[in-house]
Amino acid sequence: MNHGPLIFLGLLFTMASSWCGLVLAPQLQLGNQQPVAKGSTSYPPNRPGLANQGREIYRANGCFYCHSQQVGPRDSSSDITRGWGKRHSVAQDYINDLPVMLGSRRLGPDLMNVGVRRAEDETGTNLVWHLQHLYNPQITSPGSIMPSYPYLFEKRQLSRGQAHTAEALPLSGRFAPPEGIEIVPKPEAFALVHYLFSLQSAEVALFEAPLPVPPPPVGDTNAAPAGATNSAAK
Amino acid sequence: MSVPSQPSLSADDAVSPSQIDASCRLAVLGLFVGAALWLAIGTALWLVASLKLIGPDFLSHCPCLTYGRVKPAATNAFIYGFASQAALGVALWQLCRLGRVLLTHTVVWVIGSKFWNLGVALAVFGILAGDTTGIEGFEAPRYASPVLFVAYSVMAVCALLTFRERREPTLYVSQWYLLAALFSFPWLYSTAAALLVFAPVRGVLQVVISGWFANGLKTLWLTPLCLASVFYFLPKLTERPLHSRALAAYGFWLLAIFGGWGGIAVGLPVPRWIPAVSTTAAGLMLIPVLAVAVNCWLTIEGNWRKLLASPALRFIAFGLVCYIVTGVMSALGASHRLSSIRRLTSYTEAHQMLFLFGFVAMTLAGAIYYIVPRLTQQEWARPTFVNFHFGVAAAGVLLCIVTFLPASLKQGFGMADAGKLFPEILNSILPFIRVGTFGVILIAAGNVAFVVNLIWTCARFLAANCPCQEWLAVSVKPATAGAAR
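Residue numbers (the numbering used here), protein chains in the order written: chain Z, 1 to 234; chain L, 1001 to 1485.
For the record, the hints were derived by calculation from the structure and aren't laboratory data. We put the beta carbon where it would ideally sit given N, CA and C, even for glycine. It is possible that some hints are incorrect.
[As the list claims (entries may be wrong)] Per label pair, the in silico range of CB-to-CB distance:
#1 Z:Q34 with L:G1419: 38 to 44 Å
#2 Z:R174 with L:F1058: 17 to 23 Å
#3 L:W1456 with Z:G173: 48 to 54 Å
#4 Z:G161 with L:A1416: 53 to 59 Å
#5 L:N1427 with Z:Q34: 42 to 48 Å
Extracted from the complex, chain Z is given alone in its bound form (with noise of 0.2 Å):
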């Protein structure tokens, strides 16, 4: 081993095995993934403009450093009986995604289908949630090492005995702001919260992910009622 180009041609072979193997073996296999039609539309669907705004937020701050965006298989992990997901993440779930943010280390809870467990509802109840847990996560979830957020917020000064507007972030309490002063969100505090509004993906059926068979109802049994159809089934 006294020659440095054959040193250089051996490290070629190696280097150019793990660069076919890993780098484009998976590019051949996944690079053409395509959308798959679900009734009326196709999966996955695209993100409206609002929540894409919010991705941004989401990568600028490294909120995946903390949280997953994937929903292990049921034989190595128990996120599906956790409730993060009806069934585990698969290549298909992510094709829309730049940059794909799966997480490495959990120190908070797997954001997978958040958008299913605090959904967007008609009240804002989870809005204003996940809105004061992005203001101080103390608030919904004491005891939680998530660090606050405050950037994201406004503090705007009320003239003398001007009641709170509409806008602000409802705060009771020890952390209520002082007279006179109010919190309202920014445009990116909304726009992070419509990104994990639209953070529902493990909730579609593929097929090769299929959800699971709901278990049959309390006494219930295999064998079917004389004459009943075999509808039940289909």
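With the hints as your guide, set chain L onto chain Z.
Chain L only, in chain Z's frame:
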């Protein structure tokens, strides 16, 4: 054919080690000082990130100091600013010494290293400003990665020219490893930059490629650079020849073959063959790790007293032990049961800390503690700091490992039990993570001692030998000749 025709070494054109040291003094010391500054910045950021796990509201009003920005900025400052830069300095010095050749491309090298520092600064401050790519392991924004790549290419070309000009045709083990590192980095980095940032691939392919890159950065860039130092200094400082060159060659080629395949964890939403192949390769990596371990053991054996005598050797031996433990830790991932337990816990964090702070930082510090006195031709400014650095850094690394490993197993077993609520599991591991923060504080204290000592020594050397003093003396002479006498 590979060895350029050189006149055989005769007494007149043989160069002495001190001439070689003098020729690469500027280039190598420049890299070391830059590395020390990034080590200080990276350590400070790492400390902030760790403290945030104790008090989440610490510095929360500043967007650029939120956990999700500080953590990747710290890692990038450490890997690219400190580890890569210091390792390049050590590599250049070894290439000159082992090749018995004077460094002749100093200016080009220094320009390259300035651009490297510019690239690191763009990456670290870009991440703090929120410009991260959002890809774990390749966070450098798109305006930083080309600068890093070009700067690297300039330095690599100089290093290869130095290698080609060598007067000693026999290659030593360290040179194989240095060649491997110099060759792997541009391949890894250009693939990652092209396919993750400039022409991004679709969906989870990004995760596969960033996993391949992050793993390769450790096993094919930082590992060979540091192993070169291990193989260089261990025989030198124990004054014994390397036990077996054949065993070293065996370990080298197995590292090259298996090293690039790791990095894709079990449970990711990718086709199952990818993590299967990847974890198998990680398991097979145990063979080259053990080959290095056995070779080094048999080299030191019977000479343990030298370990106490030489501070540099102590650092390198500690780094080597950490390397072996990280090798075992990643090999354990080949067990499906264990890799589903450790999935998404702090196991990777523990592994990374042991690798970066235990193996890379300690080995490079050992090499620098040996090289700098030779380059400056004077002892360290604060010799007591060296022992302090070793003591606190070793204790800090151990404290991090004995807290993070149990924490990750506790989290893993807790997660396997679907009846346990997530917040409950998290609360049960927080005490471990908080105690682990004291480990980071100890490591930081050691790093401060190292940085102060290095800067002090270099400043003292500059004050005594500054070329500008002579230049000043010459240019000022006519006017003040009388006064100066």
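* Unmet hints by their number, sorted upward, for this structure -> none
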